[in-house]
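A.B. asks: The opening position of the sequence shown corresponds to residue 0 in numbering that gives the first Met the number 0, with each subsequent residue numbered one higher.
Treat the hints with care, since some could be wrong.
[Claimed, not checked] So the derived label-pair ranges between C-beta atoms look like this:
| no. | residue 1 | residue 2 | range |
| --- | --- | --- | --- |
| 1 | Gly86 | Asp11 | 31 to 37 Å |
| 2 | Ser50 | His4 | 29 to 35 Å |
| 3 | Ser44 | Ile8 | 37 to 43 Å |
| 4 | Ser44 | Tyr91 | 16 to 22 Å |
Keep in mind the hints are simulated off the structure, nothing from the lab.
Note that this is a predicted model, so its numbers are computed, not measured.
Beta carbons are placed, not taken as given, at the ideal position from N, Cα and C, and that holds for glycine.
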Amino acid sequence: MLDDHYVDIFRDLATEAEARTGFEIPALLAQYTILMLADHMRRTSWHPDPSFTEQYLQLDSSRSAKLLADECLFITSVFPEYATRRGVSIAYYQTLGEACYSRAAHDLNTELFQDLSNYFGAVSKWTRNVVHNVVHLY
């Protein structure tokens with residue numbers, strides 16, 4: 000269950016980041032990403048175990064592909080330094096996320112997940128602007 004308070008906070012941060020940067024993404028992608036960020040606020044661990052690659056090789060459903068893609072989006076936008084510190088490029092996580100969202104599009108919301116796959120880089124940049132907007136506010 001998502002906490003509406005976190006959804007409201009991320010929605011406000013998105014509005015402020017878009018006003019500050021002028022960079023926007025389609026409303027459906029923004030709404031999905033805000034919900035994904037709010038969902039991550041309640042987690043105590045956000046990186047997959049086993050590794051991203053091992054999870055990709057073991058994907059058994061569109062739902063598991065969507066979850067791994069969300070983790071890739073989260074890491075590329077919220078903690079990009081995590082990837083480079085571990086010796087893996089941001090491009091790797093982006094490519095993995097694109098592939099996973101594309102796979103999720105087969106059985107889940109086709110338009111949403113195919114758009115997330117096609118525009119992963121832009122959605123990651125938009126999300127980075129939203130999350131890092133906090134630094135500019137305080």
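A.B. asks: Confirm or reject each hint.
C.D. replies: Each hint tested on the structure:
1. Gly86 <-> Asp11: 31 to 37 Å: holds (36 Å)
2. Ser50 <-> His4: 29 to 35 Å: Holds, since Ser50 and His4 (Cβ atoms, about 33 Å apart) stay within the stated range.
3. Ser44 <-> Ile8: 37 to 43 Å: violated (21 Å)
4. Ser44 <-> Tyr91: 16 to 22 Å: holds (21 Å)
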